[in-house]
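Q: Each chain is listed here by its residues.
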Amino acid sequence: MATTVELGVQEKAAKTQQPGRKINDFSIQVATVNGSGSQSANTVLLRSIFQMGVPVSGKNLFPSNIAGLPTWYTIRASKHGYIARKKEIDFLVAMNPETAQEDVMSLQAGAACVYDEPLNLSGLRQDIVFYPVPFDKLVAPVCPEAKLRKLVKNMIYVGVVDALLGIERQESEKALVKHFAKKKKAAELNTAAIRAGYDYALTTFTKQDPFWVERMNENQGKIIVDGNAAAALGCMFAGVTVVTWYPITPSSSLVETLIEYLKEHRIGPDGKATFAVVQAEDELAAAGMVLGAGWTGARSMTSTSGPGISLMAEFVGLGYYAELPGVFFDIQRVGPSTGLPTRTMQGDVMFCAFLSHGDTKHILLLPSSVEECFSMAIDAFELAEQFQTPVFVLSDLDLGMNNWMAHPFKYPEKPITRGKVLDAEELKRLGGFGRYKDVDGDGIPYRTLPGTKHPAAAYFTRGSGHNEKGLYSERPNDYVNNMDRLARKFETARQHVPAPVEEISGASKTGIIAYGTSHWALTEACDQLRKEHNLPMDYLRVRAYPFTRSVHEFIKNHDRVYVVEQNRDAQMFQLLKLDIAAGQVTKLRSVLHYNGLPIDARSVSEAIVAQETKSQEAR
Amino acid sequence: MSATSTPTPAPKTNHIGLTVLDYRGSKTTLCAGCGHNAITERIIDAMYEMGIQPEDVAKLSGIGCSSKTPAYFLNRAHGFNSVHGRMPSIATGVALANQKLMLIGVSGDGDTASIGVGQFVHLMRRNLPVIYIIEDNGVYGLTKGQFSATADVGSKLKTGVINDLPPIDTCALAIQLGATFVARSFSGDKKQLLNLLKAAIAHRGTVMLDVISPCVTFNDHEGSTKSYKYSKDHDEPIQEVGFVPAFENIDVDYDPGATATVRMHDGSQLRLRKLDRDYDATNRVEALRLLAESHEKGEMLTGVFYVNTTAPSFVEQLNLTSEPLARLPQEVVRPSRTALDQIMEELR
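For the protein sequence lines, the chains are A and B, in the order given.
Each residue of the first sequence is one higher than the one before, counting from 41 in our numbering.
Each residue of the second sequence is one higher than the one before, counting from 4 in our numbering.
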């Protein structure tokens, strides 16, 4: 007990005496071997900080492998609410012998490192605080079953980190009970492990690093959820009925989570399912099933990633021309094949915008947050039926597979609408209909569903060769009329997709456009630019394609506009170039990040400062 | 007009009061004499005679000459000419969205056994309720006469090219994978094909019907094993296929000793009268052996190879609610506000 007092005293002394303390503003990196149970330990650490009311984010950087390869988990605590990846690591937990030396060497001076004692890292550098912990010795007494020790060992570092950073141990234990909700034995074993690590650190170490977690009150009412689970919830509350998929990282957990939720909330009182989920033989089949179900009137969806999108290209083109609703989630990653499949990227923007051969263009929704994964899932189903066309939701690995803090999701207030569908009664009144006729001038035709009990309900669905009545035609006029109507329909969509979010001071002539997960680095980078370089920026976050008019206005109203994105080829930049007036194109600049890691603020602000300096020199 | 002229007789109707005209489609654009046109005619006859409401049918296809044919029957049914080799996935989506529809899918040998073999095998193993017809001529027609994967070894193209690779037997494949009604016919055998189609309509589960359907333009010459002449000469029915629909008087005269009767889901009867071999069409292993032997002997067997009326269909296995998913209202598909609150609480 004496030691507890000792650290308590030390902490108090530190609070009052050390002005160099870094409170709630640093990053922790845990380096482990994948398959070693570290994911549970990291989740507990993340939740502990979250429960202490401190804004926090966690990012899992993992290999394409089941067990045995290096993996890193980065936790960032930020009193400012910055939740993008922080480039610099302040506090390292080195558990992986393979990467330990390299991990230590990459730290900045002044960082701290907890490591597995046999790794003997303390001699590597003089400018780092080291805390060696004999994990194997500590795990043996708390975990009698030798084969479980490898898994329980990782929970010990949670206790060590708690003690060193001032994280309240009770919060870790609470987080652990939540994590192992249905596994009592695991919860008990791991609680003991946390305590063992905590006690060891208290009795052994004198705190020498400046990093502390202190209770705040920023997370009241908030939830923690990953983007894929959020999207799954959105799909369920959108009323999805047909779900088809083929397993692929990083998208699989979307449908897997959806299945769990559907089983819980969408089985009727008669025990019958109000949904169908099919694991298809490949993504081609998954896409075909979505369109077949959409044609028949069901709310249908699939979820995949880049390689799957490649396979869906032909069907999506048919969906565009035959005007079939369907929702396609693309949880973007690097690729193809074995090309960094577990790393994040905004790599499919151009590809999805024009997917398939011929003249095709598609509605894209671009969520930045887990809240938007939920709300845009609902938007996607509405738009797909309203516009009778495939709609893409472009999430990414960073958003989809990592845990994010969020405000609780809002229940959808708007009723479900099913678009322009004629039933037997309406057909009786109208006498018939032209499947591809623009009756209302918005480019959106009327359709009927198979099984409609009226002799004039049926029509024949095929590719682009049809006239207004849906009859086969290869006549040049019919083709052109149809293509022009489809273009008109796309123009109508501009007014119905989610509008951008703008932060405009009115004083700056320089703007930034970003989208998706780049947003979190952007808000921080804008602060850096303003505070450190006196470069105030206006910021527009694009949320959909086609672009609303306000995107054009934003570019028009600024002298230079930086388009920030996570790919090499400036895909959004290219898409904007195609859409804006020729005179505006030269205003666009590009800031790119494409190393497989989530984008960070420092990289963005440095790149913008460099370009701003250049353009000032040029003037 | 003279008072003595006889009144026009009322057109003949089926038991739901529709005429055969109500089952027709647009005019065919295929070559005169194409086997596919004969199959189209039999589909119209079968649907008419079975009294199927055309609006309750969905017609699906992939790409190719055969895949054009859904436009030539049942104009009052929704049709979908999809992409090459992918009709099975469209069919699956349609069946899930509305399990009350009757699905008829028309494919060809290229559409099924070459580009579409991946989706074909998975359709078969799911036992999705669909009548899957292969209009099988062993050749690509729309691209002017290349071999498909059902062409027999030694079969000769018009250009003189000989096929060296073994054919895929779609019937054997379907049986092995789990289809529950598997038969082969010949477009020139009106009676057998009509009865097979009627039985197909009565079946619940995947019907795989491979119909040899000669291509008069690219594969009807000497040396082809899918020509009219070759098919007529080699067509060897394994049984005489009879069908008695549920709404007709069942007591038709037949010899129970020589006829196996299969009771279909709707109460109708498929009657298989023995010809010169003893064959049990409910035995999967026997079916596969018969087909393997026929390959050895170079026979072109037709008839019902396998029928199983008890296996659950894919739609049954999914435990779907009785109302089609496509028509479920918001109250059913959007969980309550309380449900969302509860989920949010779990995520805190």
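Worth flagging that the hints you see were computed from the coordinates, not collected in a lab.
Every residue gets a Cβ at the ideal spot worked out from N, C-alpha and C, and that includes glycine.
One or more hints might be untrue.
[Claimed, not checked] Under the rule of at most 25 Å between Cα atoms (straight-line distance), these lysine-lysine pairs were calculated in the DSS-like manner: (1) A:Lys460 with B:Lys30; (2) A:Lys477 with B:Lys235; (3) B:Lys159 with A:Lys509; (4) B:Lys103 with A:Lys468; (5) A:Lys493 with B:Lys194; (6) A:Lys127 with A:Lys218; (7) A:Lys493 with B:Lys103; (8) B:Lys159 with A:Lys303; (9) B:Lys300 with A:Lys493; (10) A:Lys312 with B:Lys30.
[Unchecked claim] With the Cβ distance kept under 10 Å, some of the chain A side facing chain B (calculated, not the full set): (11) Thr314; (12) Val330; (13) Val374; (14) Pro376; (15) Gly379; (16) Leu380; (17) Val479; (18) Asp482; (19) Tyr486; (20) Tyr499; (21) Pro538; (22) Val541; (23) Ile544; (24) Leu575; (25) Asn635.
[What the hints assert, rightly or not] From chain B, some residues computed to sit far from chain A (all C-beta separations above 12 Å): (26) Asp25; (27) Ser29; (28) Ala35; (29) Glu44; (30) Arg89; (31) Ala94; (32) Gly121; (33) Arg207; (34) Lys232; (35) Lys277; (36) Arg292; (37) Phe317; (38) Pro327; (39) Asp344; (40) Glu348.
Q: Hints first: check each against the structure and report whether it holds.
A: So, going through the hints one by one against the coordinates:
Of the pairs offered as hints, the one joining A:Lys460 and B:Lys30 is violated, with about 30 Å between alpha carbons and a cut-off of 25 Å exceeded. As the CA atoms of A:Lys477 and B:Lys235 are separated by approximately 48 Å, the hinted pair breaks the 25 Å bound. Straight-line distance between C-alpha atoms of B:Lys159 and A:Lys509 comes to about 43 Å, which puts the hinted pair past the 25 Å bound. About 22 Å separates the Cα atoms of B:Lys103 and A:Lys468, which keeps this hinted pair within 25 Å; it holds.
Restraint check: the Cα-Cα separation between A:Lys493 and B:Lys194 comes to about 31 Å, which exceeds 25 Å; the hinted pair is violated. Taking the CA atoms of A:Lys127 and A:Lys218, the gap is about 30 Å. The hint is violated against a cut of 25 Å. Straight-line distance between C-alpha atoms of A:Lys493 and B:Lys103 comes to about 13 Å, which keeps the hinted pair within the 25 Å bound. In summary, the hint linking B:Lys159 to A:Lys303 is not supported, as the alpha carbons are separated by about 56 Å, beyond the 25 Å threshold.
For the hint linking B:Lys300 to A:Lys493, the alpha-carbon distance of about 50 Å lies beyond 25 Å, and the restraint is violated. For the hint pairing A:Lys312 with B:Lys30, the CA-to-CA distance comes to about 43 Å; that exceeds 25 Å, so the pair is violated. Interface restraint check for A:Thr314: the shortest CB-CB distance to chain B comes to about 5 Å, inside 10 Å, so the restraint holds. At its closest, the beta carbon of A:Val330 sits 6 Å from a beta carbon of chain B; the interface hint therefore holds under the 10 Å criterion.
Hint on A:Val374 is violated. Least Cβ distance to chain B is approximately 27 Å, over the 10 Å limit. With 10 Å as the threshold, the beta carbon of A:Pro376 stays out of range of chain B, its nearest partner Cβ sitting at about 19 Å, so the hint is violated. Taking 10 Å as the C-beta cut-off, the interface hint given for A:Gly379 is violated, the closest approach to chain B being about 24 Å. Because the smallest distance between the Cβ of A:Leu380 and any Cβ of chain B comes to about 27 Å, over 10 Å, the interface hint for this residue is violated.
This hint is violated: A:Val479 has a C-beta 20 Å from the nearest C-beta of chain B, more than the 10 Å allowed. Given the 10 Å rule on beta carbons, the hint for A:Asp482 is violated: about 24 Å separates it from the nearest Cβ of chain B. The criterion of a C-beta within 10 Å of any C-beta in chain B is not met by A:Tyr486, whose closest approach is roughly 14 Å, and the hint is violated. A cut of 10 Å between beta carbons decides the hint on A:Tyr499: the least distance to chain B is about 7 Å, and the hint holds.
For A:Pro538, the shortest C-beta to C-beta distance to chain B is roughly 20 Å, which exceeds 10 Å, and the interface hint is violated. Proximity of A:Val541 to chain B is violated relative to the hint, the smallest CB-CB distance being about 23 Å (cut-off 10 Å). A hinted interface residue such as A:Ile544 counts as satisfied when its beta carbon comes closer than 10 Å to some beta carbon of chain B; here the least separation is about 32 Å, so the hint is violated. Because the beta carbon of A:Leu575 sits about 38 Å from the nearest beta carbon in chain B, more than 10 Å, this interface hint is broken.
Because the beta carbon of A:Asn635 sits about 31 Å from the nearest beta carbon in chain B, more than 10 Å, this interface hint is broken. Not every Cβ of chain A is farther than 12 Å from the Cβ of B:Asp25; the closest lies at roughly 8 Å, contradicting the non-interface assignment. A beta-carbon of chain A is positioned within 12 Å of the beta-carbon of B:Ser29; the least distance is around 8 Å. At the 12 Å boundary, the C-beta of B:Ala35 stays outside the reach of chain A, the nearest C-beta of that chain being 19 Å off.
A cut-off of 12 Å between C-beta atoms confirms that B:Glu44 is not in contact with chain A; the least separation is 19 Å. Taking the minimum C-beta to C-beta distance to chain A, about 5 Å, the non-interface status of B:Arg89 is violated against the 12 Å cut. Look at B:Ala94: its CB is around 6 Å from the nearest CB on chain A, not clear of 12 Å, so calling it non-interface is violated. Non-interface call for B:Gly121 relative to chain A: violated, since the shortest CB-CB distance, roughly 6 Å, does not exceed 12 Å.
At roughly 17 Å from the closest C-beta of chain A, the C-beta of B:Arg207 stays outside 12 Å, upholding its exclusion from the interface. Listed as a non-interface residue, B:Lys232 keeps its Cβ farther than 12 Å from every Cβ of chain A; the least gap is roughly 33 Å. Interface exclusion of B:Lys277 from chain A stands, the closest Cβ pair being 39 Å apart, more than 12 Å. Interface exclusion of B:Arg292 from chain A stands, the closest Cβ pair being 28 Å apart, more than 12 Å.
For B:Phe317, the requirement that its beta carbon stay farther than 12 Å from each beta carbon of chain A is not met, with the minimum near 8 Å. In this structure B:Pro327 is not separated from chain A by more than 12 Å, as the shortest Cβ-Cβ distance comes to only about 7 Å. Here B:Asp344 does not stay apart from chain A, with its beta-carbon only about 8 Å from theirs, under the 12 Å limit. Taking the minimum C-beta to C-beta distance to chain A, about 9 Å, the non-interface status of B:Glu348 is violated against the 12 Å cut.
Comparing the model with each earlier hint shows violations of hints 1, 2, 3, 5, 6, 8, 9, 10, 13, 14, 15, 16, 17, 18, 19, 21, 22, 23, 24, 25, 26, 27, 30, 31, 32, 37, 38, 39 and 40; every other hint is respected.
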